[in-house]
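Could you slot chain B onto chain A? The hints should help.
Number of protein chains: 2
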Amino acid sequence: MLAALAGGVGAARFLAGLVQCVDPSEITVVGNTGDDEEFFGLHVSPDLDSITYTLAGASNTEQGWGLEGESFRTMHALTRYGEPNWFNLGDLDLATHIFRTRRMRGDGATLAEVTADVAAAWKLDLHLLPMTNDSVRTRITCARSDGTREVLAMQEWFVRERAEPAVLQVDFDGAGTARPAPGVLDALDRADTIVICPSNPIISIGPILAIPGVRDALVRRRDRVVAVCPIIDGAPVRGPADRLMAPLGVEVSPAGVARHYREFCATLVIDERDAAHAEAVRAAGVRPVVTETLMRSPQIAAELAQCTLAAVA
Amino acid sequence: MLAALAGGVGAARFLAGLVQCVDPSEITVVGNTGDDEEFFGLHVSPDLDSITYTLAGASNTEQGWGLEGESFRTMHALTRYGEPNWFNLGDLDLATHIFRTRRMRGDGATLAEVTADVAAAWKLDLHLLPMTNDSVRTRITCARSDGTREVLAMQEWFVRERAEPAVLQVDFDGAGTARPAPGVLDALDRADTIVICPSNPIISIGPILAIPGVRDALVRRRDRVVAVCPIIDGAPVRGPADRLMAPLGVEVSPAGVARHYREFCATLVIDERDAAHAEAVRAAGVRPVVTETLMRSPQIAAELAQCTLAAVA
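As given, the protein sequences belong to chains A and B, one line each in that order. For the record, in the first sequence the residue sitting at position 281 is 281 according to our numbering, with numbers rising by one throughout. For the record, in the second sequence the residue sitting at position 153 is 153 according to our numbering, with numbers rising by one throughout.
Just so you know, these hints were derived from the structure itself, not from any lab. Think of the CB as a built atom: it goes at the ideal place given N, C-alpha and C, for glycine as much as any other residue. You can take every hint at face value.
Covered stretches of chain A, going by a simulated chain B footprint (3 or more residues, C-beta under 8 Å):
1) 33 to 43
2) 79 to 86
3) 105 to 117
Label pairs and their calculated CB-CB ranges:
4) A:G57 with B:S135: 41 to 47 Å
5) A:E68 with B:R190: 55 to 61 Å
6) A:T79 with B:T61: 21 to 27 Å
The following block holds chain A by itself, in its conformation from the complex (with noise of 0.2 Å):
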């Protein structure tokens, strides 16, 4: 049995390598939830739908983000409404968001139940949770150029913002209250690898770790917890993560992302690019695997993720 932390694109791109190494059956993949927003009042969340689309084949593999063949006229036409058009919501996509909108307010159904409706309508064989049904929304404290503090959605920062006001803090509204969603620490306790994917420590990890019990799991399971380091050659491979991480204090490198996940995270995975940062993630505590881990392809991915699960075999 395995399970794995995961954020968006990075992630699905490492799952979608890993169901070429492991029966997807016994895979079980918690997913970030703070990045879920709601949009034209319609329930986003937009990290499992990247995972869900990717391992499906129907990602946007050019555009990074979305699905393939995409069109945006319903979207373009609610702005005749003055709704807000800054976060680009697809004809394709939409219908995934006006699904689980529908299943949520109408039928009562969980998040987590509509997720696995929505994984099983994209034949997916693994098992896909959120990891709260709870609300728990990502929260960035910025600067403005003009000296005044500004709180922003993750998605208001990231994509509106285009992440350039300077981080200050980030919280994690609702995590302390939320409950894991079932299945969750169940199996994290069961997994003989946890994997944590190479996604933003800070914003995608970091709302996973924040539900109660969650981090402790990992705790308990130090030796079994490998990370892919989401850092190479000193910047993310995608996203904002050189964005927070500096400013929290996390050094952007694998000696950083190392001594971030030290208490729950025995094995980190490192790129060659970085195989000088080595000694620097041992120090840290944590013993570092060197290979390739820029996943230019299906092949580079089901490599990755095959290194990844031996390090702790």
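Leaving out everything else, chain B in the frame of chain A:
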């Protein structure tokens, strides 16, 4: 001042003629919402939207419903999740339903408030009101071929079942306790002329009359009420009026409409093709006015509107 009771497409075409003859700001339209339905958890108001889109010059005239240049990508994508697809909701049209639902659920707006928002977004100059802010749903009791009875929502009967099941009874669930939307009774009381648009007498005009106070307001103003007959040459121009009128004992003819409306309507505009029915209309106690009523062009619609107003001038 002018008030109009309106169903969907037929009414919309008439109103498009009316605004060519009268200052739109003097017109208050009371629209049927008995056909409103939730699809995919979104509040759809078919008649109000038909009026808005038509008056905005954005309706799909070839298709006879919906918006010009429409596509159906989101609805097609929803079938992946097992959602019903018998009611066509286009990508552009969906924006209206998403906006309406968010305003009502998220902001607590009334249907009347959202209807005004939508009308303003399409730059309508007349006042468009739903008959009520409360939930009124037209329910059609049908006889199945195996002898059983079944109660269908109006859209289920008309669209999904193509108006084929024989009609036994029509009810307007919720009408008994519904209140007219703010402004409805006032508009009827103050109007110099009240027009009953060429709409289905049973399921388009019927629900409006079933809202407490509306029928009485018309009875009081009977001399100022003029209807445009939706039946030409023994059949409705469009829609299933005949499938509803006959089983409910309303003759599918100008005289049948006249007898159905006589208590609150002094004048009925009938088509030239039905000139021979003028005497039967008169015998029902309603004054017939004969003109061209088949609105094959905006020009004919304007002439019909002019004639309708002149009939009670």
